[in-house]
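Student: Sequence:
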Amino acid sequence: MEANANGFDNVNAAPATLTRGQVRLVLFALAMGGFAIGTTEFAAMSLLPYFAATFGITEPMAGHAISSYALGVVVGAPVIAVLAAKWPRRKLLLALMACFAVFNVMTALSPTYGMMVVFRFLSGLPHGAYFGVAMLVAASLVPPNARAQAASRVLIGLTIATIIGVPVATWMGQALGWRVGFGIVGVLALLTVLLVSIFVPRDEPIVGASMMRELGALKRPQVWLTLGIGAIGFGGMFAVYSYLATTLVDVTHVEPGVVPIVLMVFGLGMTIGTFVAAWLADRALMATAGGLLVWSAFWLAVFPFATGNIYAVSFVVFMIGCGGALGVPLQTRLMDVADDAQTLAASLNHSAFNTANAIGPWLGGLAISYGYGWSSTGWVGAVLAVGGMVFWVISVVTDPKHGQHVRHHLPQAAPGE
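Residue numbers for the sequence shown, in this note's numbering: 1 to 417.
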């Protein structure tokens, strides 16, 4: 078993030079980036009514700012992963978070809605590449049978953002203006830069890394099928969440101050779901992914029936949040099927999720615009979850090893500094 002098293991076994405490600090630093990203991604949805009012546009039109961020992720993840294939991972993480900080501050300062859409797009560019690289670093620090749990520690930053970061940003946005919410994200991103620079070990460029090797991931059908599961199946959650704040106020008839509490309930469900799904995924990977899709389809279909009562809708929102753990098994699945094109595949996973983040709000907005009501986003979401199940079935049928943890191969890192 080889390990480089910096603690990043070449074959994904336990690190040779980092103690358990040091590994936890690395994961904490990486999770802080997830916290910053999660705060801006989900807070934008809850702050949507406020910046729509500022710029004098309808809320469905304001949803384009959410879609522009998602488009930035879709574009940025593969482009950055390919162009930066030879970069040391620590250096890339620092650069991505620095750019993320700048563009979120510029979003907060946007003088027009058009400028906001542009800066939201630019803010999305580092998102997928950061998560992809951070999860590869996390997975390199643990044995193969703990990869999903290591990846989940990075995603926990995102889920905790839905419990703490998003409600705080929403409360402050309501009290001080939506621009403050995006300013907070800029500060969190700068804090991530500091933590990564302190705790993540320096590393050398990946031996043999190249643009062509990374692009090799695109030749593998199972990579595309896994991405399809996320791009369609995850859209259901975003269809509901994007318009949840307005649904709660206009349909459930709660006071605006109650909205952040329900958002915290969603985040709690997502956090618990992520822990449970990570444990299950390390034992039955594709079964966990399929189960989460069925779970999501059911609870999204129930959502329209629950919006008339605050307690009922809060319970259903919690259950929908649990289904948000789908990212964990899909990220691990890509580690299995991408072979030596790990960086691009890992980053594309977040392009897929943000394709879902574009599709979900768009289709949900169409349903609302055509007069089906705010609650109709649940029906839209259920259909999208079923669509993800179609890709899951095709993936399982065409891969006889779907029930096993196939050999995981990470790109070999250069030995010591």
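Hints should not be assumed to be uniformly reliable.
[Said to hold, decoys possible] Here are the simulated DMTMM-like cross-link-like pairs (lysine to aspartate or glutamate), alpha carbons at most 25 Å apart as the crow flies:
#	residue 1	residue 2
1	Lys91	Asp340
2	Lys91	Asp250
3	Lys219	Asp399
4	Lys86	Asp250
5	Lys86	Asp339
6	Lys219	Asp340
Derived by calculation from the structure, the hints in this document are not laboratory data.
Student: Which hint numbers does the structure go against, in order from smallest to largest?
Tutor: 2 and 4
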